[in-house]
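**Student:** As a plain string of letters, each chain reads:
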Amino acid sequence: MKKSYKIEVDCANCANKMEEAAKKTEGVKDAVVNFMALKMNVEFEEGVDYKAVMQNVLKNCKKVEDDCEIFL
Amino acid sequence: MNKKQKKMLFRIILATVLLIAIRIAYGVFEDRNIPETVWFLLYLVPYLTIGYDILKKAGKGILNRQVFDENFLMAIATVGAFAIALVDKTGDYTEAVAVMLFYQVGELFQSYAVGKSRKNISALMDIRPDYANLETDDGVTKVDPDEVEPGSIILVKPGEKVPIDGTVVEGRTTLNTSALTGESIPREAAVGDEVISGCINITGVIRVKTSREFGESTVSKILELVENSSSRKSRSENFISKFAKYYTPAVCIGAFALAVLPPVIRLIAGSPAEWGKWIYRALTFLVISCPCALVISIPLTFFAGIGGASRAGILIKGSNYLEQLSKTGIVAMDKTGTMTKGVFEVNGIHHGTVEDEKLLMYAAHAECFSTHPIAKSIRDAYLSGRFRKEDSGEKPAILTERVADVEEVGGNGISASVDGKSILIGNARLLNRFGIEAIECHHVGTIVHVAIDGAYAGHILISDMVKPTSAEAIRRIRAAGVRKTVVLTGDAAKVADSVARELGIDEVRSELLPADKVTEVESLLAGKRSGETLVFVGDGINDAPVLSRADIGIAMGALGSDAAIEAADVVLMDDDPVKISKAIRIARKCMRIVYENIVFAIGVKLLCLLLGALGMANMWMAIFADVGVMVLAVLNAIRALFVKRI
Numbered sequence: 001m002k003k004s005y006k007i008e009v010d011c012a013n014c015a016n017k018m019e020e021a022a023k024k025t026e027g028v029k030d031a032v033v034n035f036m037a038l039k040m041n042v043e044f045e046e047g048v049d050y051k052a053v054m055q056n057v058l059k060n061c062k063k064v065e066d067d068c069e070i071f072l
Numbered sequence: 001m002n003k004k005q006k007k008m009l010f011r012i013i014l015a016t017v018l019l020i021a022i023r024i025a026y027g028v029f030e031d032r033n034i035p036e037t038v039w040f041l042l043y044l045v046p047y048l049t050i051g052y053d054i055l056k057k058a059g060k061g062i063l064n065r066q067v068f069d070e071n072f073l074m075a076i077a078t079v080g081a082f083a084i085a086l087v088d089k090t091g092d093y094t095e096a097v098a099v100m101l102f103y104q105v106g107e108l109f110q111s112y113a114v115g116k117s118r119k120n121i122s123a124l125m126d127i128r129p130d131y132a133n134l135e136t137d138d139g140v141t142k143v144d145p146d147e148v149e150p151g152s153i154i155l156v157k158p159g160e161k162v163p164i165d166g167t168v169v170e171g172r173t174t175l176n177t178s179a180l181t182g183e184s185i186p187r188e189a190a191v192g193d194e195v196i197s198g199c200i201n202i203t204g205v206i207r208v209k210t211s212r213e214f215g216e217s218t219v220s221k222i223l224e225l226v227e228n229s230s231s232r233k234s235r236s237e238n239f240i241s242k243f244a245k246y247y248t249p250a251v252c253i254g255a256f257a258l259a260v261l262p263p264v265i266r267l268i269a270g271s272p273a274e275w276g277k278w279i280y281r282a283l284t285f286l287v288i289s290c291p292c293a294l295v296i297s298i299p300l301t302f303f304a305g306i307g308g309a310s311r312a313g314i315l316i317k318g319s320n321y322l323e324q325l326s327k328t329g330i331v332a333m334d335k336t337g338t339m340t341k342g343v344f345e346v347n348g349i350h351h352g353t354v355e356d357e358k359l360l361m362y363a364a365h366a367e368c369f370s371t372h373p374i375a376k377s378i379r380d381a382y383l384s385g386r387f388r389k390e391d392s393g394e395k396p397a398i399l400t401e402r403v404a405d406v407e408e409v410g411g412n413g414i415s416a417s418v419d420g421k422s423i424l425i426g427n428a429r430l431l432n433r434f435g436i437e438a439i440e441c442h443h444v445g446t447i448v449h450v451a452i453d454g455a456y457a458g459h460i461l462i463s464d465m466v467k468p469t470s471a472e473a474i475r476r477i478r479a480a481g482v483r484k485t486v487v488l489t490g491d492a493a494k495v496a497d498s499v500a501r502e503l504g505i506d507e508v509r510s511e512l513l514p515a516d517k518v519t520e521v522e523s524l525l526a527g528k529r530s531g532e533t534l535v536f537v538g539d540g541i542n543d544a545p546v547l548s549r550a551d552i553g554i555a556m557g558a559l560g561s562d563a564a565i566e567a568a569d570v571v572l573m574d575d576d577p578v579k580i581s582k583a584i585r586i587a588r589k590c591m592r593i594v595y596e597n598i599v600f601a602i603g604v605k606l607l608c609l610l611l612g613a614l615g616m617a618n619m620w621m622a623i624f625a626d627v628g629v630m631v632l633a634v635l636n637a638i639r640a641l642f643v644k645r646i
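Sequence lines, in order, name chains A and B. In case it helps, our numbering puts the first sequence at residues 1 to 72. In case it helps, our numbering puts the second sequence at residues 1 to 646.
It cannot be assumed that every hint is accurate.
[To be verified] Where chain B lies over chain A, by a calculated footprint (3+ residues, C-beta under 8 Å): (1) 22 to 28; (2) 40 to 51.
[What the hints assert, rightly or not] Pairs of lysine-lysine, DSSO-like flavour, derived with a Cα cap of 30 Å: (3) Lys6/A to Lys484/B; (4) Lys467/B to Lys3/A; (5) Lys63/A to Lys142/B; (6) Lys24/A to Lys484/B; (7) Lys233/B to Lys209/B; (8) Lys484/B to Lys62/A; (9) Lys4/B to Lys62/A; (10) Lys3/A to Lys245/B.
The set of hints was computed from the structure by calculation and includes no laboratory data. Backbone N, C-alpha and C define an ideal beta-carbon position, used for all residues, glycine too.
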């Protein structure tokens, strides 16, 4: 399953870091952050609760970049 | 500017004023023996004003084990500069504050420039309709386009966007498709015509029966495509992400080595260590270590390039395709519908014994009941008045009462009586049957011979017309640096050769079945030089396998054709072949900017690192290099947006 989220982040490097963090989160198959469109496209593993996964994604992103936001 | 940026601007101004005030005070009171600590504390005020958030983020970064981020580097560098000034008792803490100040100015500029170009680009692509006028039992209501079911009736007034694809059921109007195609040629729409979402209604009110949901409509498809385009990353973007990953740690290690090794070696050699000097140089290193200019400018360039291209009616599905497109060496194309109009038209009247128009008039009348496409093209040619010598002001019309005794002659043509004259119209065999000799035509196409009252009167050449811009398109494709052009067609060799000659296409592969086209493309792919790509251009009908087999598949005339949008990597919204060379040029320009930025940013950084290590660059220069390079790279990136005159 794929979902697209609006995000808020200030710099391109931070966006890259968010992408890395999201990719490493459990339950995420792949994630792509589009800094220019301020969007995060997440592909989830089969059968996971994507809402719970996104909470973890947000937490992991906050860890690498304090100043970011994902609008869930 | 948004709230965050305004706040930052205020902090920058405040810190600058404070810093200048302290500098002046320092100049005035220098001789008065004011203790060092007082100055230190005073300088701390503007420093914290401008840098408190950086320090906070750096602290958090350490807690989250994110050591090599730019906040941490800036914190270390400026705190280090303070420390050196404190140890050396120079009393001059300006440098540390200024470095932090410039860093923040750079960040603010970056955030502003990116926000601005983001807004510009999204404004360019502002084709999303906000509402639809839905007809319900209690009148017309404005609703979200998402809520309109297929098969509903919507009202589109002049000045409004068509929100959803559908068919006109009432009214007639002119539509402006420029937001979709980049060309402002108005399109007529009347009852029964399909209208495509994203067009702007100019003249009249129309009622439209929707054929799709909003999410499936052209406008949504296009927006989705463009918004997701930067997710497909190009090799240069991947290179930069990788580079950034290694660059910062490498520079940090370099800085550490620079701070420790030379003093230690000097100690061993017996000379004074000069710790301060080397640590200062190492801190300069840290300031240069942020890869911001690169990381921001490369995706920004691609985004701007794709945005600019879509404004010109060229949709590019990803940065990777933009990169590939810039390396085009071979352009293979379909003939029918791509280089030619794909419709049959009267292309000439030869050997006429009567005036062209008169011949056409007899032919059109004799064919007036026929449904054959050839007959239709003859009637259209007559009605259009294209073959008139002079304009009599009278509109040509076909009057069936002038025609009598229409008879189909065994699949070879028609015999009829028009205005009392007996007309024969058909192929050479038909005329031979009536003992009339037909004059052969040396042109390529379908030839229709006409005889009037038993005498040969001339023939009409009907062929698929080459698009008016095709020859220019091929010329421009060549001028854009494409080595070879090939036409792949299912059509007869004679027709294909003549079109290729007329347009100046290098190679012809004719009489191909759809599957043969794939084989031909594969053989072309095998023969291409290293580093170049093969582009296939088709009209999206029947050539989906070829579109996906080529390095880049370009579908043209795709307005409203889902299959083409799905299968192709690049979609030309209208069917003008000149757009092919334009797409290549946009890609080349974009890639040139990308390489300029990569070389420029990495070059300046390496130079500054070298000068810093040798002690020829101080921290001021480092921060100027960092912020300056970023500003220039961002400005350069935005150039990719301007594609009008390519």
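**Student:** Give a verdict on every hint.
**Tutor:** Do the hints match the structure? See the list:
1. With a threshold of 8 Å between beta carbons, the proposed coverage of the stretch 22 to 28 of chain A by chain B is violated, since 0 of its residues qualify and at least three are required.
2. With 1 residues having a Cβ less than 8 Å from any Cβ of chain B, the stretch 40 to 51 of chain A misses the three-residue criterion, and the hint is violated.
3. In summary, the hint linking Lys6/A to Lys484/B is not supported, as the alpha carbons are separated by about 44 Å, beyond the 30 Å threshold.
4. Among the hinted pairs, Lys467/B with Lys3/A is inconsistent with the structure: their alpha-carbon atoms are about 43 Å apart, more than 30 Å.
5. Distance hint between Lys63/A and Lys142/B is unfulfilled; the C-alpha atoms sit about 44 Å from each other, more than 30 Å.
6. Taken as a hint, the Lys24/A and Lys484/B pair is broken in the structure, with Cα atoms around 46 Å apart against an allowance of 30 Å.
7. Taken as a hint, the Lys233/B and Lys209/B pair is broken in the structure, with Cα atoms around 39 Å apart against an allowance of 30 Å.
8. A hinted pair counts as satisfied when its Cα atoms are at most 30 Å apart, and Lys484/B with Lys62/A does not qualify at roughly 52 Å.
9. About 18 Å separates the Cα atoms of Lys4/B and Lys62/A, which keeps this hinted pair within 30 Å; it holds.
10. Taking the CA atoms of Lys3/A and Lys245/B, the gap is about 27 Å. The hint holds against a cut of 30 Å.
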